[in-house]
Each structure stands twice: as structure tokens, then as C-alpha cells.
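Trainee: Given the sequences, and given the hints that come with them, work out the whole structure.
For the protein sequence lines, the chains are A and L, in the order given.
As numbered in full-length UniProt numbering, the first sequence has no gaps in its residue numbers, which increase by one up to the final residue, 373.
As numbered in full-length UniProt numbering, the second sequence has no gaps in its residue numbers, which increase by one up to the final residue, 373.
In case anyone wonders, no lab produced these hints; they're calculated from the structure.
Within a straight-line C-alpha distance of at most 30 Å, the following computed DSBU-like cross-link-like pairs (lysine-lysine) qualify:
#	chain 1	residue 1	chain 2	residue 2
1	A	K142	L	K265
2	L	K276	A	K172
3	A	K310	L	K142
4	A	K276	L	K142
5	A	K142	L	K268
6	A	K142	L	K260
7	A	K48	A	K268
8	A	K172	L	K172
9	A	K265	L	K142
10	L	K142	A	K260
11	L	K142	A	K268
12	A	K142	L	K310
13	L	K276	A	K142
14	L	K61	L	K101
15	A	K276	L	K172
There are 2 protein chains.
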Amino acid sequence: MHRVIISGIGAEIPEPVITNEELVASFNSWVDTENARRADTGEPLLQKSDSDFIVHASGVKSRHVIERDGILDPTRMSPRIPARPDDALSLEAEFGIASAKKALAHAGVDGSDIDLVICSASHHQRPYPAIAIEMQEALGTKGAGFDMGLGCSSAAAALHVAVNLVRAGAHKRILVSTPEIITGHLNFRDRQTHFIFGDASVAMVVEGLAQGEKRPGRFEVLDTRTWTQMSNNIRTNLGYHTRTGQDDPYMINLEGNLIKQVGNKVFKEVTVAGQKFIVEFLAEHGLTPEGIRRFWLHQANARMNAMILKLSFGHDVDHDRAPMVLERLGNTAGAGAIVALSENHADMKAGDFGLICAFGAGYSIGGALLRML
Amino acid sequence: MHRVIISGIGAEIPEPVITNEELVASFNSWVDTENARRADTGEPLLQKSDSDFIVHASGVKSRHVIERDGILDPTRMSPRIPARPDDALSLEAEFGIASAKKALAHAGVDGSDIDLVICSASHHQRPYPAIAIEMQEALGTKGAGFDMGLGCSSAAAALHVAVNLVRAGAHKRILVSTPEIITGHLNFRDRQTHFIFGDASVAMVVEGLAQGEKRPGRFEVLDTRTWTQMSNNIRTNLGYHTRTGQDDPYMINLEGNLIKQVGNKVFKEVTVAGQKFIVEFLAEHGLTPEGIRRFWLHQANARMNAMILKLSFGHDVDHDRAPMVLERLGNTAGAGAIVALSENHADMKAGDFGLICAFGAGYSIGGALLRML
Numbered sequence: 001m002h003r004v005i006i007s008g009i010g011a012e013i014p015e016p017v018i019t020n021e022e023l024v025a026s027f028n029s030w031v032d033t034e035n036a037r038r039a040d041t042g043e044p045l046l047q048k049s050d051s052d053f054i055v056h057a058s059g060v061k062s063r064h065v066i067e068r069d070g071i072l073d074p075t076r077m078s079p080r081i082p083a084r085p086d087d088a089l090s091l092e093a094e095f096g097i098a099s100a101k102k103a104l105a106h107a108g109v110d111g112s113d114i115d116l117v118i119c120s121a122s123h124h125q126r127p128y129p130a131i132a133i134e135m136q137e138a139l140g141t142k143g144a145g146f147d148m149g150l151g152c153s154s155a156a157a158a159l160h161v162a163v164n165l166v167r168a169g170a171h172k173r174i175l176v177s178t179p180e181i182i183t184g185h186l187n188f189r190d191r192q193t194h195f196i197f198g199d200a201s202v203a204m205v206v207e208g209l210a211q212g213e214k215r216p217g218r219f220e221v222l223d224t225r226t227w228t229q230m231s232n233n234i235r236t237n238l239g240y241h242t243r244t245g246q247d248d249p250y251m252i253n254l255e256g257n258l259i260k261q262v263g264n265k266v267f268k269e270v271t272v273a274g275q276k277f278i279v280e281f282l283a284e285h286g287l288t289p290e291g292i293r294r295f296w297l298h299q300a301n302a303r304m305n306a307m308i309l310k311l312s313f314g315h316d317v318d319h320d321r322a323p324m325v326l327e328r329l330g331n332t333a334g335a336g337a338i339v340a341l342s343e344n345h346a347d348m349k350a351g352d353f354g355l356i357c358a359f360g361a362g363y364s365i366g367g368a369l370l371r372m373l
Numbered sequence: 001m002h003r004v005i006i007s008g009i010g011a012e013i014p015e016p017v018i019t020n021e022e023l024v025a026s027f028n029s030w031v032d033t034e035n036a037r038r039a040d041t042g043e044p045l046l047q048k049s050d051s052d053f054i055v056h057a058s059g060v061k062s063r064h065v066i067e068r069d070g071i072l073d074p075t076r077m078s079p080r081i082p083a084r085p086d087d088a089l090s091l092e093a094e095f096g097i098a099s100a101k102k103a104l105a106h107a108g109v110d111g112s113d114i115d116l117v118i119c120s121a122s123h124h125q126r127p128y129p130a131i132a133i134e135m136q137e138a139l140g141t142k143g144a145g146f147d148m149g150l151g152c153s154s155a156a157a158a159l160h161v162a163v164n165l166v167r168a169g170a171h172k173r174i175l176v177s178t179p180e181i182i183t184g185h186l187n188f189r190d191r192q193t194h195f196i197f198g199d200a201s202v203a204m205v206v207e208g209l210a211q212g213e214k215r216p217g218r219f220e221v222l223d224t225r226t227w228t229q230m231s232n233n234i235r236t237n238l239g240y241h242t243r244t245g246q247d248d249p250y251m252i253n254l255e256g257n258l259i260k261q262v263g264n265k266v267f268k269e270v271t272v273a274g275q276k277f278i279v280e281f282l283a284e285h286g287l288t289p290e291g292i293r294r295f296w297l298h299q300a301n302a303r304m305n306a307m308i309l310k311l312s313f314g315h316d317v318d319h320d321r322a323p324m325v326l327e328r329l330g331n332t333a334g335a336g337a338i339v340a341l342s343e344n345h346a347d348m349k350a351g352d353f354g355l356i357c358a359f360g361a362g363y364s365i366g367g368a369l370l371r372m373l
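Mentor: Put into C-alpha cells, the structure is as follows:
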């Protein structure tokens with residue numbers, strides 16, 4: 001049974017930024033137009049938004065997106081990204097590769113040293129060929145690839161799979177990639193969710209530690225865990241079968257089929273479940289939250305993370321202990337906790353413990369207990 | 001490191017049948033209407049189909065489908081399956097559960113004995129909550145669930161993951177489920193692919209073998225392997241990002257976004273790759289094809305399987321050695337090889353070797369070397 005390390009970590013943040021103010025201006029302009037229409041039909045009028053509400057509700061002040069064009073246009077409210085021909089690299093694979101190259105460089109290995117690519121994300125661009133296989137070809141990796149998904153726990157669940165595949169000796173070195181292009185599926189006309197998300201891609205190289213091998217500055221993965229429990233409070237309904245219920249089965253109306261969220265229920269239920277997960281997972285290793293140098297939590301909501309930590313520790317915890325990237329990036333789904341890890345581990349010392357804990361749609365929670373070598 | 005067995009196997013075949021003759025009558029009726037329209041516009045006319053062409057091209061004589069209504073209606077050509085409310089069990093989970101219950105009964109365990117559900121299929125009904133989590137709730141399983149996919153190798157790839165998760169001690173008993181509702185995404189107006197597929201759901205229980213434990217009649221999994229290589233010759237393009245390239249990003253036209261296949265290239269390339277995979281995989285275990293009592297191959301095309309076996313053995317191989325369920329069921333994607341396994345293993349003796357080998361979109365190939373206990 002092999003000891004397993006994360007030998008490389010990479011995060012790719014797209015350059016374009018959208019501030020709350022820009023998003024609110026676009027949203028409110030659309031509401032004006034929509035309400036003028038509704039005034040004629042007698043439908044209930046929509047409420048405008050403002051930046052203070054967004055910051056209070058989520059903590060998000062800006063988000064990075066793959067493509068600004070189209071999102072802020074009140075007549076479109078979706079990124080405008082031309083379709084590519086089948087023989088061109090897909091956007092999701094391209095985004096995954098950008099973070100993968102950084103993770104490979106960090107690990108000091110080439111693509112050809114990888115023997116499995118797992119592409120795990122909240123949404124995939126298509127079912128097949130798997131995005132992981134496109135990445136495999138572009139990176140020159142060996143072996144195989146497959147796609148998986150578990151909402152915002154996608155990277156954590158893939159890490160659980162990868163660590164155990166290496167532990168069992170099935171693969172030598174695995175690339176876990178989580179390219180999250182959330183703006184592609186976001187309903188920018190929904191006041192409750194349009195401001196939450198941003199795009200980001202992360203990757204990790206997972207490999208075995210040879211007998212006597214020293215890898216200072218890298219994390220050993222002591223344990224991983226996943227937990228899920230059914231909830232419709234974060235849900236999306238688009239799939240192939242959506243067509244079978246429609247009058248015209250060759251057309252899919254996305255109205256009602258994009259992400260929807262019952263925010264207050266998610267906040268309460270996932271906060272309680274997350275705290276329980278953290279405390280129990282650590283206790284099984286003879287640890288308490290105080291013994292963990294750093295927490296890389298899912299980046300969905302600033303108040304939610306503060307509450308999970310307060311319940312776990314019994315007191316407030318600062319951002320040195322649990323860094324946040326949410327304010328700048330928004331919720332980047334499965335990528336969030338790994339972006340926080342990527343940006344906040346260089347100061348850790350040998351022997352320091354760290355905990356990745358991602359949570360979200362499903363409900364799902366995924367954790368990994370790390371110790372710096 | 002644990003020895004791993006498949007302790008339960010279950011297959012669910014929906015009752016409704018569609019014969020080649022029925023499918024051809026519907027298709028040709030649509031072609032008549034379409035060609036009348038095309039005659040007016042000057043577009044090239046479409047070719048009609050016939051049952052002999054279907055049998056020659058694929059070996060398929062009938063297929064079972066979840067819902068006949070709508071498929072044979074030349075004005076619709078898609079199953080008519082009303083959308084369910086979010087709080088109702090989804091069709092994919094329901095279909096997965098039907099086979100899962102058979103696999104649990106075969107293994108002699110309850111849902112509560114399972115600590116991970118993997119739902120691995122060519123297509124999923126939605127990204128989140130994961131279908132595996134719905135199954136988890138309905139079956140009363142513990143731990144967690146996640147969804148993954150790798151085209152027609154979906155069950156084989158999930159078996160690879162499950163076997164190694166158990167081997168590494170991360171889970172005790174895993175349910176691998178592959179509910180394939182292919183008729184939901186099939187373009188019944190495409191002469192090249194409309195006749196190939198049918199619906200089926202399969203499940204396997206994967207668990208460790210305790211020291212000294214005897215499980216006669218069950219298969220030990222000696223090894224598993226996955227292989228992938230990029231190809232667009234089997235491809236589908238529907239995903240959330242499809243909308244970002246469209247004029248109206250709140251509507252997705254499925255024209256061009258359903259499964260398409262370059263049949264002759266797939267036949268040639270996957271036949272060669274499949275034969276190579278089989279011979280090399282067996283050789284690494286000191287085995288030749290002659291030493292394998294039974295092959296459960298992917299059920300896509302009767303001539304393709306015959307060719308793979310002929311290249312592997314150096315001579316023709318009969319259906320006792322490599323049973324086919326394709327004639328009756330069509331290509332049931334990831335489920336096919338496991339349906340063949342489910343229906344064709346009771347006569348095997350202790351010590352007999354068997355090989356699961358699935359192949360398809362990606363390209364992807366997944367194999368599992370079994371020996372009956």
C-alpha cells in the first residue's frame with residue numbers, strides 16, 4: 001500500500017473581471033425592460049438588485065470570467081463564445097489544460113509521466129468523447145482518462161478516487177483537473193444566483209511516495225473522505241432526457257433548466273453538515289480543528305465558512321487559518337477550495353496539517369487531510 | 001491490500017420492444033414526408049432504410065426501450081416521457097435502482113451494507129444533484145455517491161474505480177450502476193444510428209474478500225484496466241456551453257448536437273485497438289485468449305465482436321465462448337457487456353477465467369479479468 005502525495009498544484013484564473021457594480025447595472029437594465037413588458041401583461045414586477053445586497057448575501061465583490069462579451073448585454077445575459085468545430089480543442093479541455101500545465105510544472109513532471117487524467121467538474125461540455133481524453137491527447141499523457149462530477153465537491157471527490165487508485169497501485173501518477181466554466185450555465189436573469197459564480201480551473205498531480213523518498217514542501221494525503229445526502233436545494237435539470245418531455249423533442253428551452261438554489265436552506269443545512277464532517281473526520285485521526293494549521297474550505301459564501309469554522313472551533317477563526325478567495329473570484333464551484341490551497345500553502349512548515357473541505361450540490365462534502373512533508 | 005470480488009450482478013431490461021420492421025416503417029414514413037418537402041426546396045433527397053440493411057450493418061433485430069410512445073410516431077420520433085417534478089425520483093435513478101435491487105439480492109446484502117454508489121453511464125439526466133445520490137437515498141445506502149461517464153466503457157471504468165477503492169480499503173462494499181437510457185438522446189431521423197441502440201440498466205456489487213472467506217459462484221476480480229485515445233468518430237455536443245454559441249442562449253437546438261458516428265472508422269480502429277488490448281492485458285497475466293472460458297464483450301456490432309475475437313484467437317470463436325445479447329437488445333452502451341455477463345455465467349466452474357471488455361466512445365476500452373471462486 002503506497003503513501004500518496006499531492007506533488008503539484010495549479011490554478012488558472014481567467015483575466016476578465018466583472019465587478020458587482022457592472023453586474024447590477026446590467027441586471028437592473030434588464031429588469032427595467034422586463035418590468036415594462038410585465039406592466040402590460042399584469043405579471044408581478046421583478047425586484048432590482050444592488051451591490052450591497054450582493055456583498056451582504058455572499059461576500060463576493062468581483063468575479064473572473066472566461067468571456068465578458070455578452071454577459072453584461074441586457075439583451076443577451078450570457079457569455080458569447082462561438083461554437084468550435086469538432087476537431088478543435090474544446091473550451092473546457094483548454095481551460096483544464098491551462099491549470100494542468102501549472103500543476104505538472106509544480107510537480108516537476110511531464111505529461112508523459114501521467115497515466116490517468118480525471119476531469120471532475122460541476123458541468124461538462126458534452127458527455128463524449130470525455131473531456132479528460134482531449135486533455136490526455138493535448139498533454140501527451142499515457143493510460144486513460146474519464147470524466148466525473150459531484151457539484152462543488154467535484155475536485156475533492158476526484159482527489160478521493162485518485163488517492164485510492166494510487167494507493168492500490170492501479171496508477172502511478174494521476175492528474176486531477178477541475179475546469180469550472182460556471183458562466184456558461186448561469187442564469188444571469190435570476191436575482192438569487194446571477195452574482196454568485198465565477199470561472200476558474202484547478203489541477204493537482206497525485207502520486208505515490210517511494211520508500212525513503214523525501215518531498216519537502218509537498219503534501220502527503222493522510223486520508224480522504226466523501227459524504228453525500230440527497231437534496232434538491234441546489235439543482236439543475238438540463239440533460240438529454242429533458243427533450244423527451246417536450247412537444248418539440250429537437251429543441252430544449254433552458255427556462256427552468258439552469259441552476260436554481262434555495263439559498264437559506266443550503267446555508268443552514270450544509271453549515272451543520274460541514275461542521276459535523278470536519279469535526280468527525282479529524283477526530284478519527286486523533287485531531288481537533290485547533291491542531292490544523294490551515295483550512296481550505298469551499299468558497300461559496302463568506303458567512304457560511306465563518307459559521308462552519310465557529311461551530312467547529314467554538315470561536316471565530318481568522319483568514320490566516322482559513323483563507324478566502326471568494327471576495328475576488330466569486331464561487332468557482334469545485335475549483336474554489338483548490339484555488340485557496342494553491343494560493344495559501346507556501347508559508348506552511350514540515351509537519352503542519354491542512355484540511356481541504358469542499359461542499360455543495362448533492363448535498364455533497366469531500367475532505368482531504370494533508371500534512372506537509 | 002484486499003482481494004476483491006463481484007458479489008452481485010443485476011440487469012434490468014425494460015419490457016417494451018421495437019422490431020426492425022416497426023422502426024423502418026416509421027423511419028420511411030418520415031422520409032416520405034421529408035422528401036416531399038425537400039422536393040419543393042431542391043435539397044438532396046434522403047434514402048429509405050430496410051430491415052436487411054440494419055441486420056447486415058449491426059446484427060440488431062430488435063431493441064427494448066423504456067417508452068415506445070412517440071418513437072414510432074413519424075411526426076415526433078422521440079420517446080414521449082412527461083417531465084417529473086423535482087421531488088419525484090428521476091427516470092435515470094429509477095432505472096438504476098431496478099438493476100441495483102437485483103444486484104443487491106444476488107449479493108445477499110441490503111442497501112445499508114453499501115457505502116458508495118457510483119452511477120456511471122454514457123449520459124446523465126442532469127449534472128446535480130448526482131443521480132447516484134438519488135439512488136443512495138432510495139436504496140438506503142450509506143457513505144456517498146458520485147456520477148461518472150466514459151461512453152460505452154462507463155461500467156468497465158466504474159468497475160476499475162470501485163475495485164481499487166475497495167482494494168485500498170477506502171470503501172467496504174460499492175454499488176456500480178449503469179442505467180443507459182439511450183433512446184432519450186437518439187436521433188431517430190438519422191439513418192446511420194437510429195436503429196443501433198436500446199435501453200438497459202445494469203448493476204454490480206463490488207466488495208472485499210475476507211481472509212479465508214469462500215464465495216463459490218462469485219467472481220474474483222484479478223485485475224482491471226482502462227485505456228483511452230482521443231477520437232471524434234463517436235461524439236455528441238450537448239452541454240451547457242452549447243448555449244454560449246447561440247443567438248438565443250436560453251434555447252438549445254438539438255440538431256447536430258445528438259450522437260453522431262463515423263461507423264466505418266469506428267469499426268476499423270476500435271477492432272484493432274480492442275484486439276490489442278485483450279491480448280496484451282491477458283499476456284501480462286500469463287494468459288492467452290484460449291485460456292479464457294468466456295468473453296463478455298461490448299455489444300455494439302456483431303461483426304465487430306467476431307472480428308476482434310478472430311484477431312485475438314487466430315480463428316473464429318462461437319457464442320458459447322463470447323455470448324451476444326445484441327440481436328435481441330441492440331447496443332445498450334455501457335450496460336451491454338454486463339448484460340452479457342449477467343445472462344451467461346451460471347454454467348461456469350470454479351477456477352474458470354472470464355474477461356469483461358467494453359469499448360466505445362472516446363475512444364475508450366475497459367477490461368476486467370475475472371476468475372470464478
